[in-house]
Amino acid sequence: MFTGIVQTVAYIAEVSDNNGIRTFVIEFPTGFCHELEIGASIAIDGVCLTVTELLSDVRVKFDVMLQSLLITTLSKYEVGQSVNAERAARDGAEIGGHPLSGHVDFNVAIIQISEIEDNYCVRLALPNEWKRYVFPKGYIAINGASLTVSDVNKVEGWFEVWLIPETRRMTVFSSKSVGNFVNIEIERGTQVVVDTVRDTLNENLGPLLPLFEKLLSEQGIDLDALGYKPNTLGFSSEPK
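Numbering (full-length UniProt numbering), first residue to last: 1 to 240.
Source of the hints: derived by calculation from the structure; they are not laboratory data.
A hint or two may mislead.
Only pairs whose alpha carbons sit at most 27 Å apart, straight line, appear in this in silico DSS-like list of lysine-lysine [as the list claims (entries may be wrong)]:
(1) Lys61 with Lys154
(2) Lys154 with Lys131
(3) Lys76 with Lys137
(4) Lys76 with Lys61
(5) Lys176 with Lys154
(6) Lys176 with Lys131
(7) Lys154 with Lys137
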């Protein structure tokens with residue numbers, strides 16, 4: 001498990017492909033790999049990767065399967081790419097963001113970046129199949145960073161997050177531009193609630209569910225928001 005609090009920015013030193021496996025050698029800041037062992041997990045831009053070899057006290061090798069390459073942005077990475085990094089949380093660790101599995105659901109493009117003094121707003125595309133899980137004030141993980149959704153437009157298909165200066169300092173987001181892709185992990189608690197409510201309504205209403213959904217929509221009510229309470233997990237929502 002990960003906390004969504006990015007610990008450092010690392011750099012891809014080598015990339016190679018062999019029999020459908022892509023191997024990355026990633027260089028971390030001094031001290032980050034202290035007591036790191038083969039088999040340990042590190043989230044790289046939100047993707048849980050397993051350490052396969054320790055090359056030095058700062059260089060670590062990871063192997064990535066085809067499925068992960070298809071779902072995440074790792075297929076696009078080249079030597080010199082900067083990435084967010086977080087080591088797996090230890091038992092009893094403080095969770096400053098929200099619990100993450102490191103299993104990315106999809107990747108999307110940045111479609112707009114706005115700066116207002118020290119405030120930094122990023123607008124991202126929202127695919128149709130994932131709209132039901134994204135709400136204002138809800139949690140979401142972007143490249144492994146736990147963030148709060150500030151606004152959502154499900155008709156136009158986008159959502160926004162705001163980044164404070166400290167978040168930008170500790171992550172790769174300042175190096176991103178419009179058109180770049182980022183990894184998204186939906187908050188699992190939200191997904192469970194939304195799916196449970198929808199399954200229950202479907203079981204009870206059956207073919208009448210689309211009509212019920214339309215009636216709610218006409219009243220400005222999102223069916224998938226029924227039973228959902230934003231930010232109820234008790235965790236802060238900005239990386240520190």
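Taking the hints in turn, this is what the structure says about them:
no. : hint               : in the structure
1   : Lys61 with Lys154  : violated, 40 Å
2   : Lys154 with Lys131 : holds, 6 Å
3   : Lys76 with Lys137  : violated, 30 Å
4   : Lys76 with Lys61   : holds, 18 Å
5   : Lys176 with Lys154 : holds, 24 Å
6   : Lys176 with Lys131 : holds, 23 Å
7   : Lys154 with Lys137 : holds, 15 Å
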